[in-house]
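Visitor: Take a look at the letters that make up each chain.
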Amino acid sequence: MKSLLGMTAVAVVLSAVAFMLGSYQTDIYRKLLLWTTLALSYNFLFGIAGQVAFSHFTFYGIGAYAILILLFQVGLPLPLAILAGIALCVVLALVVAIPATRLEGFYLALATLAFAQLFIVVLNEGGTVTGAGGGLANYRLPDVFGVRVTGPWYTVVIVVLLLSTFATLWRLDRSWFGRACRAVRDNPEAAQAMGVNVARTKIIAYTITSAMAGVAGMVYAFVDNTVNPPIFGLQNSFLLLFMVIVGGSGRHAGAIIGAALLYLMPFLLSPLIGHHHALVFGVVMVAVVLFQPKGLIGVWDALVARRKLVP
Amino acid sequence: MSRKPLLVVRGLTKRFGGLLAVGDLDLDVFAGEILGVIGPNGAGKSTTFNMIAGALPPTAGSLEFDGKSLRGLPTHAMAPRGIMRTFQHNKPFASMSVRENIMVGMHTGFTGSLWRVLGATHGAARAERDAVSRADALVEFVGLGDRGHADVETLSFGQGRLLEIARGLAAQPRLMLFDEPAAGLTPAECERLSHIIRDIARQGIAVLLIEHDMRFLMALADRVVVLNFGHKIAQGTPQEMQADPAVVSAYLGDLAAVAHA
Chain A
1 MKSLLGMTAV AVVLSAVAFM LGSYQTDIYR KLLLWTTLAL SYNFLFGIAG
51 QVAFSHFTFY GIGAYAILIL LFQVGLPLPL AILAGIALCV VLALVVAIPA
101 TRLEGFYLAL ATLAFAQLFI VVLNEGGTVT GAGGGLANYR LPDVFGVRVT
151 GPWYTVVIVV LLLSTFATLW RLDRSWFGRA CRAVRDNPEA AQAMGVNVAR
201 TKIIAYTITS AMAGVAGMVY AFVDNTVNPP IFGLQNSFLL LFMVIVGGSG
251 RHAGAIIGAA LLYLMPFLLS PLIGHHHALV FGVVMVAVVL FQPKGLIGVW
301 DALVARRKLV P
Chain B
312 MSRKPLLVVR GLTKRFGGLL AVGDLDLDVF AGEILGVIGP NGAGKSTTFN
362 MIAGALPPTA GSLEFDGKSL RGLPTHAMAP RGIMRTFQHN KPFASMSVRE
412 NIMVGMHTGF TGSLWRVLGA THGAARAERD AVSRADALVE FVGLGDRGHA
462 DVETLSFGQG RLLEIARGLA AQPRLMLFDE PAAGLTPAEC ERLSHIIRDI
512 ARQGIAVLLI EHDMRFLMAL ADRVVVLNFG HKIAQGTPQE MQADPAVVSA
562 YLGDLAAVAH A
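Protein chains in written order, with my numbering: chain A, 1 to 311; chain B, 312 to 572.
Bound-form chain A, shown alone (with noise of 0.2 Å):
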């Protein structure tokens, strides 16, 4: 009841925002709202099941293009084309999932490079489906119940993805599959000895978090109003996997820090020192990898635990 409570005050804060900002800051509000979002799901994949994957962007892509097709191309309405969205991202997840699961660490992360690589492709080969290197433009979001959702409306459906997203997540952590999943990452062997099947647990795991990066590409489409194959490129997912590492992987809090630290720092930096922003970027990753590999979060857990001891 109070995480409800507390849940319905953030709503409110972060849709409220969205009414106060002009277009720009309303382009850059959202963006953030969904980089969050994606780095709170990759955050569970990455940093509490530990697969080091790098398909999620992927899945956000897939999500993005599948909800236009679905609408535009094969003609589905919209509450339809969202499940077969949904569907199809689950269906490709498992093709993904059932054989790069068994393969550990390194391996997983080319399997799913792979992956990464050949949506691409896909994508410039697909012809009008994809819209080949151009993507796909000039469309807008059906009318929902006759309504045109637009304009700062929009921006509260990414809060509700972003919280929703955020919910789900914090129940399945705090629950016997965080559990389980947190258990195969650290030790497989004692997890097996406990009774997780540690397979069956890293697949769920992988699913359930690409299906969420999917809904989120769904949600995206309507941002920009175009989709196009170097979005979807793998620099952006090495900025999560950043973000992730930099906020501080395993924690909630975390991935929402580094998401908005390293999605931000650009467009406060750049003014100051134009193009040197990027070696910012650098210079933090190092930092935070060589001085605290816990992330940021785990500097401020560094801080409280000094104020607890200086009575």
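Hints are computed from structural coordinates only; laboratory data are not their basis.
There could be a bad hint or two in this list.
[What the hints assert, rightly or not] FRET-style restraints, in silico, Cβ to Cβ:
| id | chain 1 | residue 1 | chain 2 | residue 2 | range |
| --- | --- | --- | --- | --- | --- |
| 1 | A | Val283 | B | Gly328 | 36 to 42 Å |
| 2 | B | Ala431 | A | Arg140 | 31 to 37 Å |
| 3 | A | Pro271 | B | Asp441 | 54 to 60 Å |
Even for Gly, the Cβ is constructed at its ideal location relative to N, Cα and C.
Chain B: place on chain A using the hints.
Guide: Just chain B, lined up with the frame of chain A:
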């Protein structure tokens, strides 16, 4: 004994290529008893243990638990059948608290589907609360007292061993397998461990432990099986074993070999 044994092992054999690690081993373990398996280094204790724990497929032989075969089952199928184990080299879930580690041990007890978790049903919430209070009770039982919220990284080796036991008991097993539980413990910790293992057996749980430390085992076990070069060379009460010439020579041989090395 007219009671039926809980675990029946017959003709258990493991070959690694041409090497016979365990040959034609028969074992019975009854509910509420402590069976010790002992033997010098390389006698096949660990191989036997891993086969019973489902971590290593036997080359031949049968493993029956409560009348049902265990052969061919994956490792994770042991816990739901009531067979839990500890590891000789503690294998905690390092990122979790002591309490959470124990709650992973309850994994098979959580029957609710993921939908119930996502729906945040009352049933799921209650199961979670029950698990927490049972975990805290187990923390008390093994004597980790106020360490329930501690990071496992802060535990001493001996405390880590106690956590292994609590985590195993969390599944409410019918058979507990201990892999050299006394290894690396101080004499005081060994003493505590003996009490805990006796307590466990008194609850009606069958206990099988393999052990290198003869003194620890002889004071604890109801019955002892002695292995040497993969074969059972004797079995009986600890008193009988200490007087058995085959056992004495196997151990003396071992000591002599160590002395020569």
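Visitor: Compare the structure with each hint and give your call.
Guide: Here's how the hints hold up against the structure:
1. A:Val283 / B:Gly328: 36 to 42 Å: violated (54 Å)
2. B:Ala431 / A:Arg140: 31 to 37 Å: holds (35 Å)
3. A:Pro271 / B:Asp441: 54 to 60 Å: holds (56 Å)
Comparing the model with each earlier hint shows a violation of hint 1 alone; every other hint is respected.
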